[in-house]
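Take each chain as given, in its own frame, and dock them per the hints.
For reference, the chains in residue letters:
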Amino acid sequence: MEQTLNGIQTGSVYALVALGYSMVYGIILLLNFAHGDIIMVGAYTAWFFMTNLGQSPIVAVVAAVIACTLLGITIEKVAYTPLRKAPRLSLLITAIGISFLLQNLAQLIFGAGAKPVPKIVEVKSLNLGSVSVSGNAILTIVVSVISMLLLTILIKKSKMGKAMRAVSEDTEAAQLMGISLNKTISFTFAVGSALAGIGSVLYCAAYPQASPTMGGMLGLKAFVAAVLGGIGSVPGAVIGGFAIGLAEAWASALGLSVWKDAVVFAILILVLVIKPTGLLGRNLQEKV
Amino acid sequence: MKKTAKKLPMWLRYLINTVLFVALLLSSTAFINSGSVSPYHTKVIILCGINMILALALNLATGYLGQLPLGHAGFMALGAYSSAIFMRYITAMPGVSASAIFPLGVLLGGVIAAFIGFLIGIPALRLKGDYLAIITLGFGEIIRVVLLNIDDVLGFKFTYGAASLKNIPKTTNFFNTFLCVSLTAYIIHTVMKSRHGRAILAIRDNEIAAEACGINTVYYKTFGFTLSAFFTGVAGALYAGYLGVISPGAFGFMKSIEILVTVVLGGMGSMLGSIISATVLTALPEVLRAFSQYRMIAYSLLLIIVMIFKPSGLMGNYDFSLSTLLGKLGGRTGKSAVPEKEGEDNE
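Same order as they appear, the protein sequences are chains U and D.
For the first sequence, numbering that gives the first Met the number 0 gives the first residue as 0, with consecutive numbering after it.
For the second sequence, numbering that gives the first Met the number 0 gives the first residue as 0, with consecutive numbering after it.
Chain D extracted, bound-state conformation (with noise of 0.2 Å):
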């Protein structure tokens, strides 16, 4: 980085950004919980934030490695039944606080959904386009039917099939799907910043001439995807404890499409633009709740109308970052990037 460029040193940077962040979480938090906050908004809420997730897992794929998997629901699921079965059990033993070893949940769904991610990616990567598209969709719909009918091959409960999986205990709070926005956007920001992003945006304009600059394109894709279906996972692991109840249906094809949808109605490669549009795209329906007959009309409508009249989505490709919009302020004119920590806009 040039030192022109460098306005304030980077440990500020940081610390400014950390206590912003734990203040905003903090005092959210106090907010939700003081009761001011309906529960029933208090949901709509932490769903926004899930679905923040998901947007920001696919975004990485779609919108920076520039690939259109269409799978991304069979991950969400394997997060959320690993999550959950985790937790069913662990809760069963005596003297286990749920809340408490519930990041070890989340953190296990989105492992496992990483690892089947990468074995996945392996063969998939190597299509291109909309067959890449069309063999991932495969992938997410055998998931789907192996977490339907699993049960009958093993000859014990364990995923209860179309039955659906209850009682998984429901540790999903506002707190830790903020934390785990904040961590997703934060983690994501930071790797695109670093020259493994570099090398992923490469391969997104020009893969051949990336793979002629000497970037491992085959490495860098099988990345960019095991960490979006990490992400994924994680996002199903939230989802499998806020719901309490899931069942394989819930993660058909529909799913991956809506994902797709929110990522590109906010524009892809642009994350203020997953976490808008997956907040409007949640609240919405919510919203139009009154009208319900109609509301998924104008959920379609507006899909149509927006991609005709702004086909790049509605933010583009661009960012926010919290030094350029200060040096606009100050009329400084110095554009650097900065660790952005997102979650931000959790509201």
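Okay, chain U solo, but in the shape it has when bound (with noise of 0.2 Å):
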């Protein structure tokens, strides 16, 4: 229970992170490399401004959702936007370089040692019978429903969620009915960093450090995330999320916590090779 419990916590930041691996693929194809980088940004960003400005938390969780954001727009912009009729790999290797960028310069200017970041918000822990549910726990959960939910409205409801879905469909076809390619492409890399940035405050109430390389595995797990799921699909990368927190919890709870990173890849072959778009992935009909 407790493990389980465990397991939806890390999920739900999992999906947080997959949400915006997925909106990027299903509006440009591109494998956002970058994006695991921009929640170590994140997490530097709050730690800087509590410990060496002392603000207040409140302050250090909306400058580190703002920092993502910008970052995200400035990196669509300079290193993406060039690239628009490129072929999709090098678009890959560009976001590989962006990363490799962000890692480094935060090693150059923050060392290469993990900074404590201190608590974020100080919650009770439950006591539901007899088992004791941490605070933080709860707090993660219903930020990242709150989330869900808002972006499933703005993508739903929205004017620019409908043109993100129009330019996802069918990029051609959505700028001849007026819109704004431009425009909805960096919306899209703001929602998805932002999403980003309240996840690295949840990951960082988790786990109270930043690293330069926090970025890496944290990113690579959405990542399979969001494929498990189905890449481009909203749903899906919530449900890759919480599959991939529930079964690293549970593989740690069986013992095998040496082994959670093959069990995690395991599913993810098993689910891929039998139905090989990811659980909710549109399957495209190939035309000739």
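Note that these hints are calculated values from the structure, not bench results.
Treat the hints loosely; a few may be bogus.
[Claimed, not checked] EDC-like, lysine to aspartate or glutamate: derived pairs with alpha carbons at most 16 Å apart: (1) D:127 with D:206; (2) D:42 with D:206; (3) U:259 with D:129; (4) U:156 with U:171; (5) D:127 with D:204; (6) U:274 with D:129.
Shown next as structure tokens:
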């Protein structure tokens, strides 16, 4: 039970990050390898605002989300826009380049060691009968569920969300209908990065430190989650995130904690072999 | 081949290439061993060679076959571990010379990597594009985790897990690295010029059309992938003999990315591009060692800038051919394919 709750907690962070991957993939078919490192920047921002500037946690959280959003838009404008017509692999390599750059810049500025992030919020743990539930877990789950609901409303109801769906359906037709491609793509990056910012703060609540390479494994797991659910699909990313989080937690509960990465990837392989486009992926029929 | 395009008889071409290759191999080995190259530089050159094999192998899968595997570090780890364990056991026996048995170890590394590559390829190659990338990444990570933790399951020391496998005979030298690079380039080149190679290129250009033309796409995709895994295993075996100490951490997901970066930066489908970019990307961090703080930043900036300004990679899909070069020099226009030993770019 406790492990299940832990699983849901990490799972919701994975789901938030996976949403960013999935949205970006849905719109420009790019596996945004730099996404994990945006989380790292968010964590450092939160640390910097609380430790060095002595700001309150609320300010730090807002600052982290804003920093991530701005960074996401900047990366998109500087590195990805010039390559819109280039082969997809070049775009992928650029994303890897950005990821290296962010990691190494962070290492240069803050040093290679991990920085302890102070407690963002103090929530008392709840006692439900025999099990005690940590406040952080509840907070993480509540915040991520709210963010996901907001995202769903944004995509389903708002004008910008409609534009996003249209672009991912058919880029050229969307342009002909008067949708601004640049604006829509930038907006997608902004939303994805903001979610990564929220994810970074929640991740820090669970593992209170920031290090230059923290984005690596977290990003990879979230990426796996996005693919597991069917990349490009928003509910898929959420399901994938929770599935990965739970699988990890249960593997640890069974005493297989050193094997948990292998378990995650084995599940992924199994799902992909049975259903090659992930759980909720669209199966595009190839036309000759 | 048309008769008019044939300027030199085939046997003469093979002879010229063999003579050039042997001369280059012997002269450069003599040059390295003469002491005019410092041990440090020799090590960097050997590392360049190993990275060249890795890049050539991945280029076969990415540039020619058109797939995007991200698990090649796993094959490299398999090659490194199988050859290292074999070498450790075999040299423990009396009267066995490590350098004499090393070719067998390298071959074993390649064969085991190829076998696992074959097993992985069957399910993985059913997928396309990014799904293929992520499933191979998954297999690569599983290989790494297994190597890390297998000792607990077996109950005895086999791979030594995170403590790293030590005391591997250091048998990799300039001579056998050069030989392996040349053989890799030669074999990949000849395969690509054969009907099998044309089938592989057809799959890259349009899989459905290739299938409609009667090419057994499953067979050729598995074949290309297995061959690629084989050479990656060979590179891994050389790497184990080069360092003498290996640990699973060195073969993580970042290593696969590193190889992919080399291939794309050089230009997909260009063997010359792979060789040049492997050399540059290996040598660059060493050259920039004086600015060690900034070197990784310079490396990543280089990557981004090259991709923004030359998205097809440094060489595009241009490839080096001795006969085309000679033809241009001699004012001839005949363009023909000659089996080329690309290892000549080794320095």
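### Query
Okay, which hints does this one fail, numbers in order?
2, 3 and 4
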